[in-house]
Each structure stands twice: as C-alpha cells, then as structure tokens.
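Number of protein chains: 2
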Amino acid sequence: MTEPLKLAIAGLGTVGAGIVKIVQTHGDLLEARAGRPIAITAISARSRSKDRGVDLSGYAWEDDPVALARRDDVDVVIEVMGGEDGPAKACVETALGNGKHVVTANKALLAMHGQELAELAEANKAALRYEAAVAGGIPIVKALTEGLAANGIERVMGVMNGTCNYILTVMEDTGADYADVLKDAQELGYAEADPATDVGGFDAAHKLSLLAATAFGTRVDFAGVKIEGIERISLTDIEDAADMGYRIKLLGVARMNEDGLEQRMQPCLVPADSPLGQLEGVSNMVVVEGDFVGQTVYQGPGAGEGPTASAVMGDVMDIARGLVIPAFGAPAKSLVQAPRSTKGADAEYYLRFSLADQAGVLARVATILGEHGISINRMRQYGHADKMAPVLIVTHKVARTRLDGALAEIAGEDVSLAAPVAIRIETV
Amino acid sequence: MTEPLKLAIAGLGTVGAGIVKIVQTHGDLLEARAGRPIAITAISARSRSKDRGVDLSGYAWEDDPVALARRDDVDVVIEVMGGEDGPAKACVETALGNGKHVVTANKALLAMHGQELAELAEANKAALRYEAAVAGGIPIVKALTEGLAANGIERVMGVMNGTCNYILTVMEDTGADYADVLKDAQELGYAEADPATDVGGFDAAHKLSLLAATAFGTRVDFAGVKIEGIERISLTDIEDAADMGYRIKLLGVARMNEDGLEQRMQPCLVPADSPLGQLEGVSNMVVVEGDFVGQTVYQGPGAGEGPTASAVMGDVMDIARGLVIPAFGAPAKSLVQAPRSTKGADAEYYLRFSLADQAGVLARVATILGEHGISINRMRQYGHADKMAPVLIVTHKVARTRLDGALAEIAGEDVSLAAPVAIRIETV
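Here the protein sequences come in this chain order: S and D.
Using the working numbering, read the first sequence as starting at 132 and increasing by one per residue.
Using the working numbering, read the second sequence as starting at 132 and increasing by one per residue.
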C-alpha cells in the first residue's frame with residue numbers, strides 16, 4: 132500500500148471540525164482520487180474537552196500548535212486557528228521550517244506575512260496553500276494560478292465578503308436602513324458582534340491582496356489596498372442606484388496600471404444585469420479577465436464549515452498528488468514590489484450631496500464641479516421634508532484625484548450639511 | 132537552465148494558431164510561472180503553405196501527425212485537429228504509447244474513446260488532459276478534478292453549447308423564429324453550415340459525458356446521454372416560459388441516482404433569476420454541487436481562439452510543473468461502468484399541445500393526463516386565428532415515464548395536430 136499522507140490540524144473550530152468530517156466521510160473517495168490514503172494523525176486546539184460533534188479519539192493531541200508542527204508523523208499542517216500573528220504564525224513557520232507542507236485558511240496571516248512565508252516554504256521545498264482563505268469554497272486561487280496560468284491577467288475583481296453582500300441585498304429587498312439590517316445580521320449570526328473587519332472592508336481587502344499578488348506576480352501589498360467600507364451607504368444610494376439600473380456592491384478590484392498596481396476595496400455601482408450585479412445574499416463572486424481567455428466568472432459560498440473545509444481539502448488533495456507550486460504562482464523571489472498606482476483608471480461616479488435647502492445651492496455645486504472640469508451626466512434632487520436637500524449626481528468619466536479636489540471644496544461650503552458620498556461606477 | 136518543456140502541435144486551425152500566439156507572446160511569463168521554459172519544437176497540419184498569421188519558421192514540420200507524435204524532441208503532444216477517429220486518434224495513441232503527455236481539445240475523441248485512452252496514458256505514466264474540450268476557457272475540469280476533489284459530487288449541470296444559447300437568447304430578444312435566427316447565426320459564423328452537431332445537442336452531450344465521468348468516477352458513457360436538441364423550441368415556448376418567470380436553456384444534467392447514472396442534454400426551463408437563467412449569448416456556464424462545498428458556478432467563453440488556447444496551455448502549464456493525475460480524476464481502472472438510470476428524478480414539466488379547435492378537446496387532454504395520474508399546476512390557452520389551438524400546461528412533479536405514456540396517448544388522438552412538446556423544469 133502507498134504511504135498515507137499524514138495531516139495535522141491546528142484549530143478545531145467550525146472549519147477544523149469540517150475537515151475532520153470530510154476525512155472521516157470520504158476516506159475511500161479521497162484515496163481513490165489521490166492515489167494514496169489521507170489520514171489525520173494529530174490535532175491541536177485551545178480546549179481539549181469541548182464537544183465538536185466529531186470523534187477525535189483516534190488522533191494524537193497537542194496543546195501547543197508549534198509542537199504539532201514539529202511532529203515526525205505529520206506531512207501537512209493545516210492551520211485553521213486564525214490571527215495574523217501569534218500561535219498561527221509560529222505554527223506555520225515551524226511547519227515550513229521543518230519541511231512540512233502547510234494549508235491555511237488564514238487570509239490575515241498571508242496578507243501580512245505572505246512574502247516571507249512563501250520564501251520560507253520554497254527554501255524548504257514545501258507547499259504553502261491557501262485556497263480557503265479567498266472566497267471560501269470557490270476554487271479561485273487554483274483557477275488563477277493554474278487554470279489561467281497562460282494568460283496575462285488584466286483585472287481581478289469580486290465580491291468577497293458575504294456579510295456585506297447580505298447587508299446590501301437585504302437593505303434593497305426590505306427597504307430597511309443599514310443599522311437595522313446590521314443588527315439583524317448580528318442576531319442571525321451572519322455578522323460578528325464587532326463587525327468592523329467585515330463591514331469596514333478589511334476582511335475582503337486581505338483576500339484581494341492575495342489575488343492581486345497571484346494575478347500580477349507582485350509581492351502581497353495589503354497596505355497598498357485602498358479600503359472603504361459599506362458603513363456610509365444609505366438606503367437612498369441603494370434605491371437611486373437601482374432606479375438607474377445599478378446595484379451597489381462592496382467590490383474589490385485589482386489591476387496593473389502604467390504607474391503601478393491599483394488595489395481597491397470599496398462600494399461600487401455595477402450594472403444590475405451583470406453577474407456581479409445579480410449576486411444575492413452571502414455568496415461570493417470573483418471575475419478574472421485574462422488577455423487570451425477573456426472574462427471568466429466564479430461564484431459560490433464564501434464561508435461556512437463545508438465550503439471552507441472543501442477548499443482546505445482541495446489543497447490537501449493536490450499535495451497528496453505531488454503538486455508543489457509556489458504559493459503565488461511564481462517563485463517568491465521573482466515577485467516584484469510593484470509601485471502603488473496613484474492615478475487609477477478614470478471612471479464615472481455617483482455622488483450624493485446633503486445640501487441646505489436654500490436658493491442657489493445647486494448652482495454652487497454645479498459650478499464647483501464645472502470649475503474642476505467635471506461634467507455632469509445626470510442629476511436628481513429629491514423632495515424633502517426637512518431643511519436638508521439630497522442631491523444625486525452621476526458624472527461623466529473623471530480621474531479620482533480631480534473628483535476629490537472638487538468634493539473637498541464642496542464639503543467646505545457652508546451649505547454642505549454632511550460630507551459628500553462618492554461611489555465609483557465600475558465597468559464590468 | 133532547466134530543460135524546456137517541448138511541445139508539438141497537431142492541427143493549426145484557429146486553436147492551434149492561438150496556442151502558438153500564447154507561447155510567442157508570453158514566453159517569459161510562462162517560464163516564470165512554470166519554473167522552466169515552454170518551447171514549441173514541431174508542428175503538423177494539412178497545409179504547410181497556408182498563412183495562419185503567426186511565424187512558424189522556427190518549428191520542425193511534419194506532414195503526418197503520427198510521425199509528429201513519435202519525435203524524440205517532444206514531451207507534450209497537443210492535439211487540436213478534431214475528429215473522433217482517424218488521424219487525431221492515431222496521433223494521440225502514438226503519443227501516449229511513446230510516453231508523451233497529451234493535451235487535447237477534442238471532446239468527440241474522448242467521449243468515444245476516453246476510457247481506453249486514459250488507460251493507455253496511465254500505462255505509460257503520461258498525462259492526458261482535456262480542459263479545452265469542455266466549456267472552452269472555463270477551467271471546469273480542473274475545478275471538478277482538483278479544487279472540489281474532496282467532495283462527493285451530487286449534480287453537474289450546465290449550458291455548454293454557445294451556439295444554442297445564442298439562438299435561444301436572440302429568439303427571446305428579437306421575437307424571431309428559430310429558423311430565421313439559425314440562418315442569421317450561420318451567416319455571422321456562430322453556427323456551422325451543418326448545424327446538427329450544435330443544435331441537436333451532440334456537441335454539448337460530448338462535454339457532459341466527460342464531466343459526468345470525472346464527477347462520479349464512472350467510465351465515459353456518451354451513448355448513455357439522453358439527447359434532445361433545440362430544433363423544436365418555438366417562440367411560443369420561449370415567450371410563455373418568460374411569462375412564467377423561466378427561460379429555456381439547452382441544459383446538460385448529470386446525477387447519480389439509486390438505479391444508476393442519469394445524463395441528460397435537453398432543453399429545460401430554469402428560473403429566469405438563477406445564474407443559468409441569466410446566461411446570455413454564446414457564454415457557457417457550469418454548475419457543480421458537492422456535498423461539502425454546496426453549489427459553485429463557473430461562467431466564461433465556451434469557444435474561440437483565445438479561450439480554447441488558454442485552456443490548452445493551462446494543461447500544458449500543469450504538466451510543466453510536474454502534475455500528472457489520471458484523466459478523469461481517479462485511476463482509469465477504478466472507473467466503474469455505471470448502469471444507466473432509467474427513472475431519473477421526478478420533475479415539473481411544461482407541455483405544449485397543438486389541438487384542433489373544436490369543442491371538448493381540452494377536456495379530453497385533461498382527462499388523459501388525469502388518468503395517468505398527472506396533475507396540472509397551471510394551464511393556458513391562447514387566442515388563435517386558424518384551426519389550431521395551442522394549449523400550454525405546467526404539471527406538478529411527475530416521473531418522465533409516466534408523462535411519456537400520457538403524451539403518447541394524447542398524440543394518438545385525432546384532435547392532436549402535432550406531436551406534443553414537453554420541456555422539463557429543472558430545479559437549479
């Protein structure tokens with residue numbers, strides 16, 4: 132019999148338990164497909180006594196994930212503890228340093244330390260894989276690094292945070308305000324008690340930074356992602372976007388411009404009849420554009436026990452079959468530190484101003500936009516009961532820097548009662 | 132320097148020329164990602180003198196693709212000639228027999244001879260890859276064999292023929308009849324002069340049979356695919372489906388039932404707001420449902436020079452990186468000859484009857500359906516100018532065999548002026 136591939140699991144939360152379930156449910160299937168048995172030999176978690184709904188009695192226990200990563204009876208260390216530093220990092224470093232393959236679902240760890248960990252993996256001829264870290268069950272890292280490996284990638288974009296997409300979808304469907312929907316989502320368990328990582332766009336930005344590195348052969352540059360969350364999106368914005376044939380999505384976009392790498396995670400208007408515009412609920416979607424393949428679209432569950440465990444075990448299956456490729460699709464030493472694009476591509480923008488309800492105010496806004504060379508495609512002013520008049524404007528294509536200048540000037544006017552909202556209209 | 136991976140290309144039509152363009156355009160990129168250079172060493176095609184818009188002067192020429200497959204300076208033979216037998220088969224067999232890897236875009240060849248070729252490949256430790264044969268540029272074979280390899284697959288389905296989807300989309304958009312749209316599509320080059328392979332569903336059925344083998348660990352069984360084309364779909368069907376919130380797609384569905392493997396390629400009604408229902412034009416879409424991952428969806432260009440060449444070269448990149456896995460995701464000898472499911476899952480059906488315009492006719496149809504235990508969900512009779520009354524019925528869930536019995540009886544009635552049309556409503 133061929134030697135089994137021996138797994139250690141560090142972290143037995145939802146995902147860890149899901150991995151155990153797959154191995155216990157599909158032992159024969161995995162062996163047939165991988166050409167060798169897949170066996171869990173050791174596990175580690177904070178609490179040994181907690182009931183996780185799976186039988187862990189056949190596995191060696193380690194209190195310390197670093198000790199787990201050192202065990203001789205382990206070929207692959209699966210890190211599903213989370214955290215960008217601390218025990219997760221120590222566990223992964225120890226495993227790679229000992230020549231063991233690592234499969235992780237930890238987007239924060241890779242977003243912060245991807246380059247050094249990729250180098251460490253290659254120096255030790257070990258695989259470092261992270262399909263589960265990006266877009267849950269969708270095999271998008273594989274599509275990008277392998278299936279589309281013969282393409283120059285032109286743009287990668289997507290909806291990569293199910294919580295945000297759920298909130299925006301429910302706001303549109305029910306007409307409820309952001310704060311109310313967030314509260315419901317927290318009660319339903321779709322959003323964390325501290326939602327900032329999700330609704331602030333940071334979780335999705337971690338993922339985008341990993342896809343960008345893979346797509347463009349660059350070093351992971353999470354700090355270079357321009358991040359805006361969905362906290363300031365109002366029902367007015369959503370309804371007005373819908374009226375114009377758009378939907379608002381927290382959209383990550385990575386593209387290589389002439390002056391460097393552009394990485395944005397921000398609310399965008401996308402056409403309602405595009406795949407991204409049609410995405411509902413907690414699903415994720417990634418769109419990849421390559422110079423030969425054109426546009427391909429990948430959709431699926433972005434989180435949860437089964438999908439995440441499926442992605443982790445997909446990576447394990449590759450390792451079992453002998454596939455060891457560089458973490459970001461090209462040798463870590465060859466990844467370049469791309470300059471950050473300051474310009475970005477011009478775009479149309481949706482603008483919302485909260486203006487004092489008095490004569491001449493609209494003309495003032497239009498004049499300032501005109502002085503900055505920004506031309507107006509359409510404009511709409513809503514009826515209003517109080518002293519504040521919401522004014523909605525869609526611009527023609529303009530550079531963001533130019534727009535920001537105009538918005539700053541308008542925000543400084545007495546008649547401006549709240550900071551203007553500007554949402555990019557992304558061509559998809 | 133690492134040894135280059137040496138390619139031979141058999142067939143220099145659109146796809147062959149696209150492969151040459153990728154290798155010539157992206158030499159550095161491919162080398163960086165694969166860890167070794169990728170070089171074309173030899174080519175073969177019917178006409179040596181034809182201008183293909185690419186410089187072929189650096190490559191050795193063979194008139195005979197079998198001689199090409201025997202060359203010592205070749206590691207991978209790329210077969211993009213087409214044809215389920217003849218030179219393509221001889222070329223692939225020779226290459227595999229000589230221990231050379233094969234990458235092919237030839238769905239017909241694999242649909243007819245997949246099992247024997249997979250066995251031959253494994254006996255010679257060679258890879259046999261065919262990403263380009265299914266759904267063009269979408270890396271769906273990779274997703275199924277690798278990314279989702281830890282799942283028990285529950286259902287694979289999709290729209291895998293761009294010509295058919297284009298025709299159905301244009302019929303709906305313009306209100307033109309099938310015959311007129313087909314004629315236009317032929318003039319535009321979207322459909323062949325002899326369209327039977329496309330509109331008859333055979334091309335898509337080839338692809339489905341390959342996905343089914345991969346998904347369920349079964350031997351390719353193209354003859355087991357129940358095939359219906361789109362030739363009998365009328366504008367009435369499309370418009371009526373739209374009225375009810377559905378769209379008609381030529382949908383391939385593969386599923387393992389208790390009594391065996393179900394493979395169907397037939398027009399189906401799918402919800403208009405589902406990903407499959409929203410698919411427009413020549414795009415392809417495949418939906419994979421796994422027991423852990425849930426539902427994932429893959430969309431992209433299903434044909435064309437760039438997308439197909441991208442898929443071929445994705446396979447080449449895997450080989451360059453050392454990945455050699457069985458063609459259908461598990462060793463060929465382990466693939467089982469599954470019985471063909473005779474039952475299939477129950478479904479709702481959309482029915483169209485062309486009845487003589489006379490008293491009691493509708494009651495007769497309803498009575499026959501009732502006698503067969505088929506209950507009616509909704510019914511509609513259109514106004515009509517001639518002697519023929521179109522009657523549309525949506526049933527509740529029913530077994531296809533039971534439905535066929537009722538339809539045969541109704542077709543035998545004098546008042547039935549044309550064979551009834553029955554279109555399955557697929558739950559997606």
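Check before you lean on any hint, since a few could be wrong.
No copy is singled out in the list; a pair is fine if it fits within one copy or between any two copies.
[Said to hold, decoys possible] Capping the alpha-carbon separation at 30 angstroms, the derived lysine-lysine pairs in BS3-like fashion look like this:
no.: 1; residue 1: Lys256; residue 2: Lys137
no.: 2; residue 1: Lys152; residue 2: Lys528
no.: 3; residue 1: Lys357; residue 2: Lys314
no.: 4; residue 1: Lys152; residue 2: Lys518
Source of the hints: derived by calculation from the structure; they are not laboratory data.
As the structure is a prediction and not an experimental result, all values here were calculated from the model.
Status of each hint after checking the structure:
no.	hint	in the structure
1	Lys256 with Lys137	both (17 angstroms within a copy, 25 angstroms between copies)
2	Lys152 with Lys528	neither (51 angstroms within a copy, 34 angstroms between copies)
3	Lys357 with Lys314	within (26 angstroms within a copy, 50 angstroms between copies)
4	Lys152 with Lys518	neither (59 angstroms within a copy, 63 angstroms between copies)
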